[in-house]
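Engineer: Residue-level listing of the chains:
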Amino acid sequence: MRNSKVVSLEEAIRKSGLKDGMTISFHHHFRGGDKVVNLVVDQLARMGFKNLHLAASSLSDVHSPLIEHIRNGVITKISTSGLRGELANEISHGLMKEPVVFRSHGGRGSAIASGVLHIDVAFLGASSCDELGNASGCPRSENAKSICGSLGYALPDARYADHVVVITDDLVAYPNVPKSISASDVESVVVVDSVGDSSKISSGAIRDSKNPRDILLAKQAAKVIINSGYFKDGFSIQTGTGGASLAAVKYIRESMVEKGIKASFALGGITAHMVKLHQEGLIGKLIDVQSFDKVAAESIASDQTHQEVSSVEYASAEHTGSAVHALDIVILSALEVDVNFNVNVLVGSDGIIRGAVGGHPDTAEDSALSIIVCPLLRGRIPCVVPKVTTLITPGKSVDVVVTEYGIAVNPARPEIAGRLAEAGLKIVDINDLAAKAKSIIGEPDPLPFGNKVVGIVVDRHGDVLDEIRNIED
Amino acid sequence: MEIKNAMAGTLESGDILIQVEPGEGLQVDLQSSVSAQFGRQIKAVITETLKGLGVENASIKATDKGALDCTIRARVTAAVVRATGKDVWKD
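Protein chains in written order, with this note's numbering: chain A, 1 to 473; chain V, 1 to 91.
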């Protein structure tokens, strides 16, 4: 067609005007199946680029080839929400000269919109795209193979980056509507064999946890919600994707049916569980920044009341239209919670980075009721500790901690503690939970942290919250 | 006390695999997913349990996946019972 923007990856990079030292960006909607980051950075390395800043919405196990590109000086700075696998392990041991900057999803959206995180060239994978650059995470032809649903984390990049390259494995006839990314924001379109391994983008089947401890935690979390004072007709809710979190939805559903209570919307990463309640008429609308499974991706493609949302409109602190400002209840997980209700979801108890900030601090801060669900111990690793290894979500944002040894309520929320106690739930002091953990596992030896800063946690308002040091062994 | 090769435990999360062989004095070779924070304690529990069972000469290979102390004691005891043929629960 006339004005086609389809070019090779090499040509797209050349056209973009990318220079050494600039910032490139990526989204993580293809999760563990992502092929875009490695494909693009391999090409940039072949073309001789150096000293680039890689700003991704998140990185995972599949991005370990970046280790070589960091060693060779192609990538010298990283900004991300999460880091896992061998790349995270190497970085924790001091691979990079510059510390990795960690932001929440809302914090990243805000930083891009305000220009604090300026993107020179965005490389955005899409499940379908036309020759002008109208792109979507939904399938639009029989050839669609890498389907992710919402492209919420890519939307700020598309809007604010100086130059946008869409990379797709399904070029479809113009116009590709409805579109997530608009052709007016896109400079080039690159067609490749595959942008993602579909088996690792999303799981097809709903798998309910059979772990009895998860089920116990889920039942307790559901009781907390039902008796919290926020479980009223028209309430809104977000859940994480942990086993206990997902199972809690099942028990909340039973109570919604029984009491005739309906939710106005569910927010965040949307799963098949939420889609089911929506289709039953128990949840009015779904606001979806990331479609976690096949059912969610199919629903967003076909249902007008299942809406995609950008990370800015999802969870930015500053944006007046952020959905989190209207959120009543959020259920979240944790690697560690401390006696001041501070939460760590990023750094493992071995001091090695193994997680993601995600929307944790955004939703905990803005929701009316934030509930952390975690076991007291994972094996010998304590989850309730005197002090978190790394601070991600400050305790003032956290209202309730649910463990199998009892429920702790933040002393700043006595009215919630009162309602839960009245309902017959076992309320305990969080210091007693930490003491119980210690009585089972003993006193852990201090971790062998070095003096090099390998990561900086920036909070959603742009302030430095914590530093992550290298681990020596 | 005569020691034969024996083992107890699994490599499941929350468990510990204890392998006992004849040796001079007590040697404990520990590999643990939580060694930085708990390696010292785990070795101490293994050594105490061995001594409590009267084992003075043995080489122990322990592969730990975050087991609690009670689990470690149970696995060490079972491995020693198999290694010595002396049933500490019965005899």
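Hints listed in this document are in silico derivations from the structure and should not be mistaken for laboratory results.
Virtual Cβ for every residue (Gly too), placed ideally from N, Cα, C.
Check the hints yourself; a few may be wrong.
[Stated by the list, open to error] A few chain V positions that, by computed beta-carbon distances, are all more than 12 Å from chain A:
| no. | residue |
| --- | --- |
| 1 | Gly23 |
| 2 | Val34 |
| 3 | Gly66 |
| 4 | Lys90 |
[To be verified] Subject to a maximum C-alpha distance of 20 Å in a straight line, what follows is the list of computed SDA-like cross-link-like pairs (lysine to any residue):
| no. | chain 1 | residue 1 | chain 2 | residue 2 |
| --- | --- | --- | --- | --- |
| 5 | V | Lys4 | V | Val81 |
| 6 | A | Lys223 | A | Tyr405 |
| 7 | A | Lys438 | V | Leu68 |
| 8 | A | Lys145 | A | Glu187 |
| 9 | A | Lys438 | V | Lys51 |
| 10 | A | Lys387 | V | Lys51 |
| 11 | V | Lys51 | V | Gly23 |
| 12 | V | Lys43 | A | Glu443 |
| 13 | V | Lys43 | A | Lys387 |
| 14 | V | Lys43 | A | Lys223 |
| 15 | V | Lys65 | V | Asp29 |
| 16 | A | Lys438 | V | Asp69 |
Engineer: It remains to establish, for every hint, whether it holds in the given structure.
Structural biologist: Here is how each hint holds up against the structure:
1. Gly23: Non-interface label stands for V/Gly23: nearest chain A Cβ at 26 Å, farther than 12 Å.
2. Val34: violated (5 Å)
3. Gly66: Given a closest Cβ separation of 3 Å, the condition is violated.
4. Lys90: holds (29 Å)
5. V/Lys4 <-> V/Val81: Judged against 20 Å, a Cα distance of about 10 Å means the pair holds.
6. A/Lys223 <-> A/Tyr405: holds (15 Å)
7. A/Lys438 <-> V/Leu68: OK: A/Lys438 and V/Leu68 at ~11 Å, within 20 Å.
8. A/Lys145 <-> A/Glu187: Given pair A/Lys145, A/Glu187 is violated - Cα atoms ~24 Å apart, limit 20 Å.
9. A/Lys438 <-> V/Lys51: violated (25 Å)
10. A/Lys387 <-> V/Lys51: violated (36 Å)
11. V/Lys51 <-> V/Gly23: It holds: about 14 Å lies between the C-alpha atoms, which stays within 20 Å.
12. V/Lys43 <-> A/Glu443: holds (14 Å)
13. V/Lys43 <-> A/Lys387: violated (26 Å)
14. V/Lys43 <-> A/Lys223: violated (42 Å)
15. V/Lys65 <-> V/Asp29: holds (14 Å)
16. A/Lys438 <-> V/Asp69: Holds, at about 12 Å.
Of the hints listed earlier, those the structure fails to meet are numbers 2, 3, 8, 9, 10, 13, 14, in rising order.
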